[in-house]
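Trainee: This is what each chain is made of:
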Amino acid sequence: ETGVTQSPTHLIKTRGQQVTLRCSSQSGHNTVSWYQQALGQGPQFIFQYYREEENGRGNFPPRFSGLQFPNYSSELNVNALELDDSALYLCASSLGSRGVVERGYTFGSGTRLTVV
Amino acid sequence: AQSVTQLGSHVSVSEGALVLLRCNYSSSVPPYLFWYVQYPNQGLQLLLKYTTGATLVKGINGFEAEFKKSETSFHLTKPSAHMSDAAEYFCAVRRYSGGGADGLTFGKGTHLIIQP
Chain H
160 ETGVTQSPTH LIKTRGQQVT LRCSSQSGHN TVSWYQQALG QGPQFIFQYY REEENGRGNF
220 PPRFSGLQFP NYSSELNVNA LELDDSALYL CASSLGSRGV VERGYTFGSG TRLTVV
Chain Z
43 AQSVTQLGSH VSVSEGALVL LRCNYSSSVP PYLFWYVQYP NQGLQLLLKY TTGATLVKGI
103 NGFEAEFKKS ETSFHLTKPS AHMSDAAEYF CAVRRYSGGG ADGLTFGKGT HLIIQP
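Top to bottom, those sequences are chains H and Z.
Oh and the first sequence: position 50 is 209 in our numbering, straight run, nothing missing.
Oh and the second sequence: position 104 is 146 in our numbering, straight run, nothing missing.
Calculated from the structure, these hints are not laboratory results.
Hints should not be assumed to be uniformly reliable.
[To be verified] Here are the simulated distance ranges between beta carbons:
id, chain 1, residue 1, chain 2, residue 2, range
1, Z, Gly58, H, Gly175, 50 to 56 Å
2, Z, Glu106, H, Ala197, 25 to 31 Å
3, Z, Glu57, H, Ser186, 34 to 40 Å
4, H, Ala197, Z, Glu57, 36 to 42 Å
5, H, Leu170, Z, Thr47, 29 to 35 Å
6, H, Arg174, Z, Ser45, 27 to 33 Å
7, Z, Lys150, H, Leu170, 44 to 50 Å
8, H, Gln200, Z, Pro158, 24 to 30 Å
Beta carbons are placed, not taken as given, at the ideal position from N, Cα and C, and that holds for glycine.
Chain H extracted, bound-state conformation (with noise of 0.2 Å):
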């Protein structure tokens, strides 16, 4: 079965600008959920997605949003970047109908964004 994968890797922004970062779920997968990881510290929950529906979400402003496709694919968006939204951006996938974390949730390698 294949994992999770996440694109771009690395990406580079000015201040202001949007970003879209991306994440295909593990095959069978139908929930997403999102963190941001900065240096040195543990992943922080961004939201969750599952059925193409937010159904959880985090202390992060609006200006973080996403979505998820009926082929159970997600992007994260953020808008007006700011200095420290610099961080590594994990996708991580799972199968129920609010994560069954009976089988955990299998992590994406990241996309490191650096706002500049």
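With the hints as your guide, set chain Z onto chain H.
Mentor: Here is chain Z on its own, set in the frame of chain H:
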């Protein structure tokens, strides 16, 4: 709300020695607990998880953890450290929002150093 505290941002052990990484949690509902490992420039790999049932959980690469409700702990151990165990380790608890379970709350991580 759920939270995780990992004691010790850095732990150093000799090759062949016991590895002990500490994790304490706070949860208003029965917790689902996880340990993930992250190698440099990579995503997160699931080591083991506790959901219900047996409190001693065995994972990959010889790691195990014991859920102790009375101590609100989920410490990770390995009897004999190997050089390849050097990595960042994260403890996580399943989040619960108003609508149910979504995503994970991570600790800040523990960097494991293996001395030859």
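Trainee: Per the hint of 25 to 31 Å, is the separation of the Cβ atoms of Glu106 (chain Z) and Ala197 (chain H) within bounds?
Mentor: holds, 30 Å
Trainee: Can the suggested window of 24 to 30 Å be confirmed for the beta-carbon pair Gln200 (chain H) and Pro158 (chain Z)?
Mentor: holds, 29 Å
Trainee: So the hint says 27 to 33 Å: do the beta-carbon atoms of Arg174 (chain H) and Ser45 (chain Z) match that?
Mentor: Holds, at about 32 Å.
Trainee: Lying within 44 to 50 Å: is that true of the beta-carbon distance Lys150 (chain Z) to Leu170 (chain H)?
Mentor: Since Lys150 (chain Z) and Leu170 (chain H) have Cβ atoms about 25 Å apart, the given range 44 to 50 Å is violated.
Trainee: Is it true that the C-beta distance of Ala197 (chain H) to Glu57 (chain Z) lies inside 36 to 42 Å, as the hint says?
Mentor: The hinted range 36 to 42 Å is violated for Ala197 (chain H) and Glu57 (chain Z), with Cβ atoms some 31 Å apart.
Trainee: Regarding Gly58 (chain Z) and Gly175 (chain H), is the given constraint of 50 to 56 Å on their beta-carbon distance met?
Mentor: holds, 53 Å
Trainee: With respect to the beta-carbon atoms only, verify the hint that Leu170 (chain H) and Thr47 (chain Z) lie 29 to 35 Å apart.
Mentor: Check passed, 32 Å falls within 29 to 35 Å.
Trainee: With respect to the beta-carbon atoms only, verify the hint that Glu57 (chain Z) and Ser186 (chain H) lie 34 to 40 Å apart.
Mentor: Taking Cβ atoms as reference, Glu57 (chain Z) and Ser186 (chain H) lie about 38 Å apart, which means the hint holds.
Checked against the numbered hints given earlier, the structure breaks hints 4, 7 and satisfies all the rest.
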